[in-house]
Amino acid sequence: MIRFSRRMVLVLMASGVASTGFGYAAMRSFSDVDLARATLEKYLGELNITDDHLRAFVLDFQKRNPWDFPTGKLADASMLLDRLRLGAVARPLLPENAAQRLERFERWLLADFHLLTDFAWRSAPDDPVQYTGSQHCVNPFANFESA
115 MIRFSRRMVL
125 VLMASGVAST
135 GFGYAAMRSF
145 SDVDLARATL
155 EKYLGELNIT
165 DDHLRAFVLD
175 FQKRNPWDFP
185 TGKLADASML
195 LDRLRLGAVA
205 RPLLPENAAQ
215 RLERFERWLL
225 ADFHLLTDFA
235 WRSAPDDPVQ
245 YTGSQHCVNP
255 FANFESA
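Here the sequence shown stands for residues 115 to 261, numbered as in this note's numbering.
Mixed in with the good hints there might be a few duds.
Stated by the list, open to error - Simulated crosslink set (BS3-like; lysine-lysine; CA at most 25 Å straight-line): (1) Lys177 to Lys156; (2) Lys177 to Lys187; (3) Lys187 to Lys156.
If you are wondering where the hints come from, they were derived from the structure by calculation, not from laboratory data.
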């Protein structure tokens, strides 16, 4: 007869719960808004932005860059690995094309977030971020003087 210590039983139970949670998370499909929020918060910290403003930003981003959003499976895998805090370890293991696609997506998402929201213009970090939309000219160095 095999005798299990309490510690072994607890470890087995914890691993069962963890694998069940991992399986559920793996089967769940994340939305584009979830991916955008997770990516932005990974680089900018927790954001105070409403779902409506974030959704409007994501729709505008997708309209401006339809080829830059990762495919469903790549997006879900990236989200899942980032939520499990394994993104930095797993990203180098991705095929080169997938890794480049994720990097391009993150760079353009961050750039457009700064251009299409008032993130940089808030008076305090806790102020809500608002989607402001596309401006006619977003180049801060533009010179409109006639030649």
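Hints versus structure:
Of the pairs offered as hints, the one joining Lys177 and Lys156 holds, with about 23 Å between alpha carbons and a cut-off of 25 Å not exceeded. At most 25 Å may separate the alpha-carbon atoms for a hinted pair to count; Lys177 and Lys187 meet this at roughly 20 Å. A C-alpha spacing of about 20 Å is found between Lys187 and Lys156, which places the hinted pair at or below 25 Å, so the restraint holds.
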